[in-house]
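Keeping their order, the protein sequence lines are chains D and E.
Under UniProt numbering, the first residue of the first sequence is numbered 1, with each subsequent residue one higher.
Under UniProt numbering, the first residue of the second sequence is numbered 1, with each subsequent residue one higher.
Mixed in with the good hints, there may be bad ones.
In silico lysine to any residue, SDA-like type, Cα no more than 20 Å apart, as pairs [stated by the list, open to error]:
hint	chain 1	residue 1	chain 2	residue 2
1	E	Lys134	D	Phe60
2	E	Lys165	D	Pro61
3	E	Lys165	D	Phe60
4	E	Lys198	E	Met161
5	E	Lys134	D	Gly34
6	E	Lys138	D	Leu5
7	E	Lys274	E	Glu264
8	E	Lys134	E	Gly203
9	E	Lys138	E	Lys230
10	E	Lys138	D	Asn39
11	E	Lys134	D	Phe64
12	E	Lys139	D	Asn62
The hints are simulated quantities; they were obtained by calculation from the structure and are not laboratory data.
These numbers were taken from a predicted model, which means no experiment stands behind them.
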Amino acid sequence: MLNTLLYLNQNLFTQQLERSSMRAGFGSALLELGNTHPNVVVLTADLRASVQCDAFRNAFPNRFFDVGVAEQDLVTIASGMAVSGKVPFCVSYAVFSPGRNWEQIRTTVAYNNVNVNIVGSHAGLMTGPDGATHQMTEDIALMRAMPNMDVVTPCDAIEASKATRAIADVNHPAYLRLARPDVAIITTQDTPFSIGVIQAFWVHDNPQATVCACGDMVYYALRAAYELEQQGIWVEVLNISTIKPLDTKTLLTYVKKTNRVVTVEDHQKAGGMGSAVAEFLCENYPVPMILIGVDDAFGESGQPEQLLEKYGLGVHHIKQAVEHIIKIKQPV
Amino acid sequence: MKHTIEEIQKLATDIRKDVIRMVSHAGSGHVAGALGMADIFAALYSEIVHHDPKNPLWEDRDRVVVSNGHICPVLYATLAHAGYFPQSELMTFREFGSRLQGHPFRTSLPGIETTSGPLGCGIAQAIGMALAAKLDNKKYDIWCIASDGEMDEGNTWEALMCAAKYGLNNLTVIVDRNNIQIDGFTESVMPLEPLKEKYEAFGWYVLEIDGHNIAAIIDACAMARSIYEKPVIIIAHTIPGKGVDFMEFDPEWHGKSPDLQETEHALKELRTLKGTIEEM
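Pulled out of the complex, with its shape left as it was, chain D reads as follows:
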């Protein structure tokens, strides 16, 4: 069942389910930060309107900088601002930033260890019709390999808004990963959020498997859990909203209840959230795992649901993985 302690959206499995884009949540939080944080500045590489910076720009024109289609410039200018005490948000699509400007981020942001916040929209297959060139499925791997860098993957618009405000106050670099389409609203304003905290969105007293999901895949994991419950299979679903630093304490607490883990992410299996979970568990508490993600492939044009189906990230794929892993015998 949905975790009643977290004030999640009660309409989640109904026809009344609301949808909104993570970008909208991000844009509203930027505007709030403009008011509460005089040092916050916003830079974009010609994606002002697309990634919802207009409200901030209109309210704070002097603190808004469009550097043109120049992602390397975007983050290196932000680095210079940050060493001068500003808190920059660098806004682009994930495939360009951190995709195109990775070394600049590594040297001038991460190694410099300054509070620059890299916001990458259009992450994952969910980007849809734009095709593989714009579907960034390697960004978690790129960013979590980088020392000093937090990696935050909100699951909906409301959590994106909270995450945006939270990374401004973390005095080191962060990467915020956003999806393109309108996605299901899972949380509410009352749902608690902190960087580096894993929450169990779907809980059970005696679960058979632990499903770890992040970003837009949290909704699909919850749908799988809902349908599995009707089949008499009980799981718990963890929202890995921060991949780095990973909340290993909470993760371990839940995994110890089931000894079986399925991870689900709209990202390459290589180097993503599932890899992060596996890295921790294989050293500390090895259990059978199934990783669901893009399996060493590029996407293509299509509607998000069509792509999730083809690339093995659909609700029934998650259910199959759970059904399979609960049959694995544990070593005594």
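Chain E: place on chain D using the hints.
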């Protein structure tokens, strides 16, 4: 002027000796660009940059960004002579546990404003500092040292476009036009000329100087401060390996360290100004 031209020239020679000793002792590092920029660094920190070695984080100090971080031996030697840290520490350059990292690292050493080394990032970082200064209504200036080799980088030209957009008259870039890069002469690896016209087309006010003429350096920097309408680039023509005959104009010395014999030879040349004066 706080110092005479002769005093600054003497300082530049002392800095060059340190550069040779540091790179020789470390067994690796970049000598040619560092030697070529010694006069500019000596002049900058003696006469031009507003700074306080006793208070490195003084809020209103000028900011110096060394985009071509590989020439850091000249930066470290200059900072040590200015009093940021003991000169004895120079010989730890590139050693395990040293504050003098192989390329500049922001928090490791007083006087280092930002991390640099990978080419093409420094001008943009200096732009960020210049924009921040404007937002805060601060009067300090930003000085960015860049190499000609890093003009090959796309990031450089992205930044050059952007500085003009924002009319950053608090920013001056000094380009070390020494005509060499790792693989050879710039004009054979990737031709840069006509450089002055390119900068002007990108919206910059361009000055050209002899990068070994102390008076010209000080003059140009004073001029750069007084140009109001545009950011300024000073193209400083320098001799790579300046002061050591066998290193001058030889791309091979871009990233090579001298052996013991070469070190002795180089130091003797610097002591005697290439044999024009008697050994003391």
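Outcome of the hint check:
1. Lys134/E - Phe60/D: This hinted pair holds, its Cα atoms lying about 15 Å apart.
2. Lys165/E - Pro61/D: Distance of about 15 Å is within 20 Å: holds.
3. Lys165/E - Phe60/D: holds (18 Å)
4. Lys198/E - Met161/E: holds (11 Å)
5. Lys134/E - Gly34/D: Within the cut-off at roughly 18 Å; holds.
6. Lys138/E - Leu5/D: violated (49 Å)
7. Lys274/E - Glu264/E: holds (13 Å)
8. Lys134/E - Gly203/E: holds (19 Å)
9. Lys138/E - Lys230/E: OK: Lys138/E and Lys230/E at ~17 Å, within 20 Å.
10. Lys138/E - Asn39/D: holds (15 Å)
11. Lys134/E - Phe64/D: holds (13 Å)
12. Lys139/E - Asn62/D: holds (18 Å)
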